[in-house]
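Read off the chains here:
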Amino acid sequence: MSDVEPVGGPEGESDGAPSSAAARLAVLQRVGGIVTPLITVVFAFLVGGLVVVATTGKNPLTTYKAIFDGSGLNWLLPWETCSDPCTAALNFQQTLIIWIPLVLAGLAVAFAFRCGLFNIGGQGQYLVGAIVAVWVGSSFQGLTPVLHILLTIVAASLSGALYGGIAGLLKATVGAHEVITTIMLNWIAVWVGIFLFGLGGPLQNDTQPWVPVSNDVAEGAKLTVFWGDPILQGLHAGLFVAMGFLVVFWVMLNRTTLGYEVRAVGFNPEAARYGGISVSRNYFLAMAIAGLFAGLAGSLDILGWQYRLNVNDIQVSQVGFIGIAVALLGRNTAIGTGLAAMLFAALVTGTSTRNLDPEIFRPELASNLTLLIQGLVVLFVGADVLILYLWSLRRKARLGRAAAG
Amino acid sequence: MSRAWEIFLARLPRGARAIAWLGIAVGILAAWLMTPPVMLRSPVVPVLVGAVAVALGVYAFTRGVRRLGAGAAVFGVLGAGLGLLTTQSGEANLEGVVVWSALFAAMLRYATPLIFASIGGMFSERSGVVNIGLEGMMLMGCFFAIWGADKTGSWLGGIAIAAVAGGLLALVHAYFAIHLRADQIVGGTAVNFLALGITGYLFIDIYKDTGTPSDIARIPDVHLSFLKDWYFVGPIVGQLNLLIWVGLATILISWIVMFKTPVGLRIRSVGEHPRAAETVGISVYRTRYAAVTLSGVLAATGGAYLSIGFVGSFNQNMTAGRGFIALAALIFGKWRPFGAAAAAILFGFSSALADRLPVYSESGAVLFRSLPYALTLIAVAGVIGRSVPPAAIGKPYVKQ
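Chain order of the listed sequences is R and A.
Just so we're on the same page, this note's numbering is the position in the first sequence counted from 1, plus 28.
Just so we're on the same page, this note's numbering is the position in the second sequence counted from 1, plus 24.
If you are wondering where the hints come from, they were derived from the structure by calculation, not from laboratory data.
Among these hints, one or two may not hold up.
[Stated by the list, open to error] Pulled a few chain R residues facing chain A out of the computed Cβ check, cut under 7 Å:
| no. | residue |
| --- | --- |
| 1 | L66 |
| 2 | G226 |
| 3 | N396 |
| 4 | L399 |
| 5 | Q402 |
[Claimed, not checked] List time: in silico BS3-like cross-link candidates among lysine-lysine, alpha-carbon distance up to 25 Å:
| no. | chain 1 | residue 1 | chain 2 | residue 2 |
| --- | --- | --- | --- | --- |
| 6 | A | K423 | R | K424 |
| 7 | A | K423 | A | K358 |
| 8 | A | K232 | R | K93 |
| 9 | A | K358 | A | K284 |
| 10 | A | K419 | R | K86 |
| 11 | A | K284 | A | K232 |
All C-beta atoms in this analysis are idealised placements derived from N, C-alpha and C, irrespective of residue type, glycine included.
Model the full structure from these sequences, guided by the hints.
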């Protein structure tokens, strides 16, 4: 955010008070740090509502209420009563299941962002993690459960880190732009995945040669379901891992030398270099750690509820891309990412065919509405800091004119 | 006549460059010998011929012709590999897989959307605005071409509406990138999301469960009946879709515009050094708006070809990464019209091959789909000659 430092202007005369222009802007931004994402989201939902009215003539509020109920967020409301079996609780479990990978994919983008890198490659790193997880998880049958789970998660996370590290290494050594390389790596991961699990592929399942799907993960490697029925896809223990990594992210970034260096490089690579920080080392590390988050997300999805990977899953998966929206909306902070991931997880679950009441709104339409809202959110958060800055400049100019006249 | 001949001779590659080109030719030969009509069956032949190609490539590489030399080595390995694969399969299968002219025709069909989008991307990026939203703009073209053709009853109407839709989405990207000075990568990502949402929503809303109508007005093929009987060439170009020809013409036109006209000079100067351009009276904003909008129009035209030229229907997210392949082609082709088009055609060839190979190797064929991305990764890594983007790319310009 150092690029919105005020430049010149008539702020000199009102000095003396501690609130210099820079400080005021910082305050404004700290306030805006919560307010502008909120405005962005509200605006995106408004546009989405207009689309609903314009195309179907339905009341957008009823539609949004249906999506809200579909996401199970009403389970949190104190006045909602819940009869057994509780639909709201079941729905909320689904939202949390989606929240786990989204939060980690968001952290993958956010961590690289703090180093000044734009990690578009969350999707590829997530897929590599998932592929390795399904491979390790379905091999080594009969291993001790805890050991098997640990082995799978570590292997998947490390391969995600390796995959992200490729982009970091290329950036650090030859200066190849990380956006380009990660886009390419994304698609390589997609096609390699389709190759591995497709018909005749080396990792296709052993029992049904006509189905393009992997072997199932061993029983012992599955994560414990601690809320809800395992048969109804209840909530798995990966939730605590994701929460833990939110803390890890915050501590690593704000309380370690590594995080300090990463942020320094992110603020200004030239100044960091001058200060004795190895910029290329941090580029590599930041991308590798980002890949680790995304790879971990892939492994938790596999061990937590998917248990297998089929070719279609690989093609339609959007986790890494939504992660970009999550990080941008969450302003690359731990808390923000957690909240933004909750919003998008609720949207995805609430508009799914399984959860949205088709009497009120077609789920197929609503899931596209989700994409639209995501697009609008990304579009506006991309510009919010600047709009704020321009707005403050204009006010300053008006104040300046008033002072002069 | 003799003068022209001399000029031609003078332009032929010499020394190590010639060796490298020879290596590429030998690499192609390695695969070609194993396929109809020659169809040798010994596995020794492709390995030996491929090895010769690799050797020539390595020689050229050590003599300083790095890009072409590495290319020759790659062609040698690929040629040997393909040749070996073909010896593994039955002769009858082979006749089915590799009917060369059909393969080349398929290559052109796959390459056309890529050509449109990558040329479009070139205009945008040459003017200094990154466009990773090509995928989304293409998808808009896909849907609105179908919708337009359905509403107006003519394929021309379809293309026109597709172009407008793509242009409008590009205009959104341009406004955020240029006036609001938002991050262009973020903007492009948003554009891709938006296009997915808009087209998916309208598709379900308008066409419900039945899908797009089957009697949609499609872009016609051009029948060149006098070419029909020509050996090899006839089956390739005798019956191609109109937009394929338009696409090929676009390559030439865009080259002329970009490198031989004042307009192109303006676009390039705005992308290399906007302040200098502004000083001599070129409007940076206006040039960038025009270039980005044009990129959307072209990408959407590629999308229109995909839906009402090639497939004849629309599906959600039907571009499936083609916009990103176009982006890869643009980078692989070093932001030049002929380079980008050549890369698009190469990538089209790999798609065409991937489409036909399953006849005898179901799973392996899929890997060909990742070839464009892998090659581009190698290209930006600088192993075979760096791809260097325009200097001011991605940087917002502040008027003074």
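Now the hints, each set against the structure:
For the restraint placing L66(R) at the interface with chain A, the shortest Cβ-Cβ distance is roughly 18 Å, beyond the 7 Å limit, so the hint is violated. Of the supplied interface hints, the one on G226(R) holds, with its beta-carbon coming within about 5 Å of a beta-carbon of chain A, less than 7 Å. The beta carbon of N396(R) is positioned within 7 Å of a beta carbon in chain A (closest approach about 4 Å), and the interface hint is therefore held. For L399(R), the suggested interface contact is upheld, since its CB lies about 3 Å from the closest CB of chain A, less than 7 Å.
Satisfaction of the interface hint for Q402(R) is found here, the shortest Cβ-Cβ separation to chain A being roughly 5 Å, below the 7 Å cut-off. Proposed proximity of K423(A) and K424(R) is supported: the alpha carbons are some 19 Å apart, at most 25 Å. Distance restraint check for K423(A) and K358(A): the Cα-Cα separation of roughly 29 Å exceeds the 25 Å cut-off, and the hinted pair is therefore not satisfied. For the hint linking K232(A) to K93(R), the alpha-carbon distance of about 23 Å falls within 25 Å, and the restraint holds.
With a C-alpha separation of about 18 Å, the suggested pairing of K358(A) with K284(A) holds against the 25 Å cut-off. Between K419(A) and K86(R) the CA atoms are separated by roughly 43 Å; this puts the pair beyond 25 Å, and the hint is violated. With a C-alpha separation of about 49 Å, the suggested pairing of K284(A) with K232(A) is violated against the 25 Å cut-off.
The earlier numbered hints that this structure contradicts are 1, 7, 10, 11.
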